[in-house]
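*Asks:* Turn these sequences into a full structure, and let the hints guide you.
Chains A and B supply the protein sequences, listed in that same order.
Counted from 1, the first sequence has number 406 at position 406 by the working numbering; the numbering is strictly sequential.
Counted from 1, the second sequence has number 329 at position 329 by the working numbering; the numbering is strictly sequential.
Because the hints were derived from the structure by calculation, they are not lab data.
Honestly, I wouldn't trust all of these hints.
[As the list claims (entries may be wrong)] The calculated lysine to aspartate or glutamate pairs, modelled on DMTMM-like cross-linking and capped at a C-alpha distance of 25 Å, are: (1) Lys-104/A with Asp-117/A; (2) Lys-29/A with Glu-52/A; (3) Lys-360/B with Glu-391/A; (4) Lys-433/B with Glu-159/A; (5) Lys-376/A with Glu-391/A; (6) Lys-60/B with Asp-3/A; (7) Lys-60/B with Asp-109/A.
[Claimed, not checked] Pairwise CB distance ranges, derived in the manner of DEER restraints: (8) Asn-249/A with Asp-118/B: 32 to 42 Å; (9) Gln-66/B with Ala-164/A: 52 to 62 Å; (10) Val-421/B with Asn-393/A: 56 to 66 Å; (11) Asp-118/B with Glu-188/A: 29 to 39 Å; (12) Asp-137/A with Arg-355/B: 17 to 27 Å.
[Said to hold, decoys possible] Covered stretches of chain A, as calculated for chain B (at least 3 residues, CB under 8 Å): (13) 297-310; (14) 345-356; (15) 420-428.
By construction, the Cβ of each residue, glycine as well, lies at the ideal position given by its N, Cα and C atoms.
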Amino acid sequence: MLDVGRHSNIALLAYSEVEKVDGQAGNFKVTVRRKRRYVDEDKCTGCGACAEKCPTMVPDAFNEGLGSRSAIYSYFAQGIPSTHTIDPDFCRQLKGKKCGICEKVCQADAINFDQEDKIMELSVGAIIIAVGYDVFDPSQIPEYRYREIQNVVTAIEFERLLSASGPTEGHLDRPSDRAVEAEIAGFEKNLKKSERTLEKLEKKYDEASAQFYDKYQQGQYQDDEDRKKWADRYAAYLTITKSLDDLKNKAESFTVAKRLAFIQCVGSRDFRFYPFCSGYCCMHSIKEAIIAHEHEPETTSTIFGMDIRAVSKGFEEYKIRGGNHSNITYVRGRVSEIMGGPGNNPVVIYEDTQKRQVESQEFDMVILATACAPTKGIVELAKIFGVELDEYNFIRTSPLSPVDTTIPGIFVCGCAESPMDVPESVAQASSAAERAAEIAFQPNL
Amino acid sequence: MPENNDQDIRIGVFICHCGSNIAGYLDMEALSDYAQTLPNVTFVQRNLYSCSEGGINEIKKGIKEQNLNRVVVASCTPRTHEPLFRSSCEEAGLNPYLFEMVNIRDQCSWVHMREQEDGTAKAKDLIRMGIAKAALLEPQESIMSEVCARALVIGGGIAGMTASTALARRGYEVVLVEKEENLGGMLNHLNKLGPTMTDAGDLMEEKIQEIVQHAKITVFTQSRVTAVQGFIGKFEADIETQSGVKKIDIGVILMATGGRAFVPEGLYGYDGQRVITQLEMEQLLKNGLNSDIKNVVMIQCVGSRNQERPYCSRICCQIAVKNAILIKDQIPDATISILYRDMQMYGVENEEMFRDSKAKGVRYIHYDPARSPQTESDQVRVYHSLLGREMALPADLVVLSTPIVAPEDADVTSQLLRVPVDENGFFLEGHVKLKPLDFATDGVFLCGSARFPANIREVIAQGLGAASRASIPMSKGSVVVEPIISVLADEDACRGCGLCVALCPYGALEIRHTEKGRKVHVIDVACKGCGVCAATCYQHALTINSYTDQQLEAQIDAFLIED
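*Replies:* Encoded structure:
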């Protein structure tokens, strides 16, 4: 990323979309919409002072919604470019309310609430499409109860939980436990508020609330409206304290997730969704299980799959090492259902095809290895560029011209072409660069 | 502390807050007050963000107005920000190598978030050490070397041919060396290529025609590269051809030596007649199958995923499925059973071919390597691990799916080019994730099954990709190297023992015979400044620019000073 940001031959147009493509190989005219950030790119230094002071918090897309960020933001800390962007769906000022704090704190004078989209025309010789993929939404599979059972997460959400810079700083706190902790935080906030109110009333009447409440309950002050309010407030306070104590008691027993289940082929190799194999998910699960075990040595993981496809350099060895040293058990079988169990523990029901038995097992957390889905908007994008898609909406190529689309001069690489892992994507990116260079830099020799 | 007396040392120290990343956890005022007290420091400034435009301008202003001749920035990691600060120094007229960076974010504020006092004390230590080193820094000039616009491609299979034609299309000269009589490599032995069932011979002919017709490509068949000298941009290769040894100057080298199919001697009754390999199956299919064949059993993972060869060879399942389909096409009522451990039909096209084969009636039987199948005279016995019972499958033909293994001469090639191989004999790329087609040695690239078994789509993609990687130094015409490299600082001390030469991972050292006897010579352009040689040299003859013994000792001394 940094290489791209720093390279003098690369003009990086982030937060922009291609709207129109004319011309042909060697001479394309491309119309690009540079979406307004409400922040002047030339001025913003990426210092982050605005994001620190912004009062509006929204779910953090980078952390898969597991954390929060401010309405003015950069996608993640190391993001390139570091230019911040105002999210118009949440910004108070843009929603017509009074705010503008970011404008006040910005030393670079970069905030511009009146910014407009810019349209740019580019002349290029060749085009490379590298728009990637989307994670399959597993809530389409009713029997896996994603979003119904809190401790069933996707592999990419789990990736954020495992990350030291993620919402849990790498600790495998279960989503159900995090929800309780969020609830506690909410109650604590209310409690403080309620304490402040009570304090004022106590001062006013120079009496402790508890004492007053005893008297009130014995029938005193029945006609005193103000004291009645005090009594109501105090009753509410007691309820909050009680709930808070209960929740805190509950939270005391929380530990990190130690029994993990990984379910392979969620949305892949499935005729209801994508019949293809997404290729990288087996290794992704093994990697996540190994990292979880590195983080907490008591972790045990079970990977449920039809075939474990560990096919690249060192992969099979990695898979075996995971089994021998990282407490991974591989079960050959497809999971038929995930049920809610006691203590928010998901229960996995599956057939162990080698034991020829239907079994069920309880876990602390279940991770769904979701399919590599063609990215949203790919159909529209294909129309703009004129390239053909295959039956699943990946960009069509042929095995003998692996990065050539159906339009000369337009090339593709990475998961926009088909599912593939990092080394394959990197190698393919170089192939696409080669094909593009053959057109863009015709030899003058 | 050693003093540099050549000139008046004037060090400027810039301490970055990194917003609240550093300032939120360390006592910044204490740091700047402390830096002020250190030797040779004439200017100290704190910045909200040293890397922002404002921060950079402050550094430049400091250099000019305070007449600084050394700059220390205490901030984040040099991995991301050293190039920026160096170029800023240069813009202000200061040699960029008179700059030193101290990482008080990753190493102090981030890891000691909850220990402000200790974190600040550690930052003071690091700043003191950085300043001690900065006082001894010497200006350096970057090294530039021209790149010859000719590529040597070793191996004339589909990977090498694809890379050669790509480079030629870009206008570069290519020398393609093939050890066999004909180009084509493995394609010579294949029938049809999955999943499109393209005829391998047709593809090969087409590629060979393209190569032969291209004026930029010189082909040497029945030839071998026997010696390679030099470094990126300026290699010299000896090629043993049918008409004698040719010495050729080249700028870059592409390794495309491929792999070979493992021959399963002694396994499953392999006899090359009734029990054959998938490669032999290709030939049978090419010639047309004997229609008497009614029952075919294929066995996967023969000679792979075992103790001796632990890796999965990636493409054997695809080949088996493809050949099963082709057998069905020739003999529709043949019964074909594939005995497998995991069907490795990754991706879109493979899985599709897998489904097609099932629709055509190919049977799949899961076996457990602990109870591997037994070949008998007219049948194969297998324990079907999903049904939980033994089966006897009649077999007119048994086809063994054996892995691609590294070529026999991989170790020779490895030594020739000074590039590493992995534990399975495949060439080891520069970085398994991020540099799949580069070697750690500059100017040498790899593609195809020499790296790891790959199917036709993958090999072609890699051939194009490696051509792209190799074209970069040629299109620039020169390489610029950071001067932080090894230098023979004390020539008299060098005894020419060659220990450093043996240990250098980049082939950047060689022994030369000089008037003073055997002496090591550093090939500047090839050196990456890793320091292995300097650390090894027991005569202290070699040193690393900007990391000299003197500079490092000054840092250590500074660390040991009590404050």
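*Asks:* Each of the hints needs a verdict: does it hold here or not?
*Replies:* Right, here's what the structure says about each hint:
no.: 1; hint: Lys-104/A with Asp-117/A; verdict: holds, 23 Å
no.: 2; hint: Lys-29/A with Glu-52/A; verdict: violated, 41 Å
no.: 3; hint: Lys-360/B with Glu-391/A; verdict: holds, 21 Å
no.: 4; hint: Lys-433/B with Glu-159/A; verdict: holds, 18 Å
no.: 5; hint: Lys-376/A with Glu-391/A; verdict: holds, 15 Å
no.: 6; hint: Lys-60/B with Asp-3/A; verdict: holds, 24 Å
no.: 7; hint: Lys-60/B with Asp-109/A; verdict: holds, 22 Å
no.: 8; hint: Asn-249/A with Asp-118/B: 32 to 42 Å; verdict: holds, 36 Å
no.: 9; hint: Gln-66/B with Ala-164/A: 52 to 62 Å; verdict: violated, 39 Å
no.: 10; hint: Val-421/B with Asn-393/A: 56 to 66 Å; verdict: violated, 40 Å
no.: 11; hint: Asp-118/B with Glu-188/A: 29 to 39 Å; verdict: holds, 31 Å
no.: 12; hint: Asp-137/A with Arg-355/B: 17 to 27 Å; verdict: holds, 24 Å
no.: 13; hint: 297-310; verdict: holds (count 4)
no.: 14; hint: 345-356; verdict: holds (count 3)
no.: 15; hint: 420-428; verdict: holds (count 7)
Violated hints for the displayed structure, listed by number in ascending order: 2, 9 and 10.
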